[in-house]
Amino acid sequence: MFHAVTTRSFLEITYTITGSNTGETPLTDVTVKDNANGVLDLAQLTVDPVATIDGVEVGGLTFEDGIPSWNGELAVGEDNVITYTAVINEDAAGSTLENKVSGLAAPSGSDEPLEPEGSPAAVHRSMI
Numbered sequence: 001m002f003h004a005v006t007t008r009s010f011l012e013i014t015y016t017i018t019g020s021n022t023g024e025t026p027l028t029d030v031t032v033k034d035n036a037n038g039v040l041d042l043a044q045l046t047v048d049p050v051a052t053i054d055g056v057e058v059g060g061l062t063f064e065d066g067i068p069s070w071n072g073e074l075a076v077g078e079d080n081v082i083t084y085t086a087v088i089n090e091d092a093a094g095s096t097l098e099n100k101v102s103g104l105a106a107p108s109g110s111d112e113p114l115e116p117e118g119s120p121a122a123v124h125r126s127m128i
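In terms of this note's numbering, the sequence shown is residues 1 to 128.
Hints may contain errors.
Each pair of labels, with its calculated beta carbon distance range [as the list claims (entries may be wrong)]:
#1 T25 with G94: 40 to 50 Å
#2 E90 with T28: 40 to 50 Å
#3 D41 with P107: 29 to 39 Å
#4 L45 with S110: 26 to 36 Å
#5 T25 with V87: 36 to 46 Å
#6 V87 with E24: 38 to 48 Å
#7 T96 with V76: 33 to 43 Å
#8 D41 with T16: 13 to 23 Å
#9 V47 with S20: 19 to 29 Å
#10 T14 with T62: 14 to 24 Å
#11 T16 with V76: 13 to 23 Å
#12 D65 with D91: 19 to 29 Å
FYI, nobody ran anything at the bench for these hints, they're computed from the structure. Where a beta carbon is used, it is the ideal one built from N, C-alpha and C, also for glycine.
Model the full structure from these sequences, guided by the hints.
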């Protein structure tokens, strides 16, 4: 996936990453990651990452080395949403922001997480 947007310095961008259980069984050991290093090299985090399910903040979120990562369980039909906000640095004009999102989950009764079929990691690029 490629998406380019012309922006300017000091622009505030809020990222929203959603991991959904669209299947027919509960999922355990779900991991949703957003490699935000390509964003945070050119911007400053202004609102720390938060994870929610059905609008309620949940645990299981870590933020290390520019990567917000959530691990937990999702019932059928539930969505995990990670949000964070960054402001573009003044000297970043003409650059491209890039973040890569990926997810894994173990179906109920399985100990081994699997990547969703036909759902490669999403890459988002924004030109600034």
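Original post:
Between L45 and S110, does the C-beta distance stay in 26 to 36 Å?
Top reply: holds (35 Å)
**OP:** State, for the Cβ atoms of T96 and V76, whether the hinted interval 33 to 43 Å holds or is violated.
**Re:** holds (38 Å)
Original post:
Is 19 to 29 Å right for how far apart the beta carbons of D65 and D91 are?
Top reply: About 22 Å separates the Cβ atoms of D65 and D91, which means 19 to 29 Å holds.
**OP:** May I ask you to test the hint 38 to 48 Å on the CB atoms belonging to V87 and E24?
**Re:** holds (42 Å)
Subject >> 36 to 46 Å as the expected CB spacing between V87 and T25, which holds or is violated >> reply: Taking Cβ atoms as reference, T25 and V87 lie about 41 Å apart, which means the hint holds.
**OP:** Given the hint of 19 to 29 Å, check if V47 and S20 actually sit that far apart at their C-beta atoms.
**Re:** holds (23 Å)
Subject >> Beta-carbon spacing of T25 to G94 - inside the hinted bounds 40 to 50 Å or not >> reply: Given about 47 Å between the Cβ atoms, the range holds.
Original post:
Taking the beta carbons of D41 and T16, is their distance inside 13 to 23 Å?
Top reply: holds (20 Å)
Original post:
If you check the beta carbons of T14 and T62, does the distance land in 14 to 24 Å?
Top reply: holds (20 Å)
Subject >> Assessment of proposed distance window 13 to 23 Å (beta carbons of T16, V76) >> reply: Given about 22 Å between the Cβ atoms, the range holds.
Original post:
Has the hinted range 40 to 50 Å been met by the Cβ atoms of E90 and T28?
Top reply: For T28 against E90, whose Cβ atoms are near 45 Å apart, the range 40 to 50 Å holds.
**OP:** State, for the Cβ atoms of D41 and P107, whether the hinted interval 29 to 39 Å holds or is violated.
**Re:** holds (36 Å)
In the structure shown, no violation is registered for any of the earlier numbered hints.
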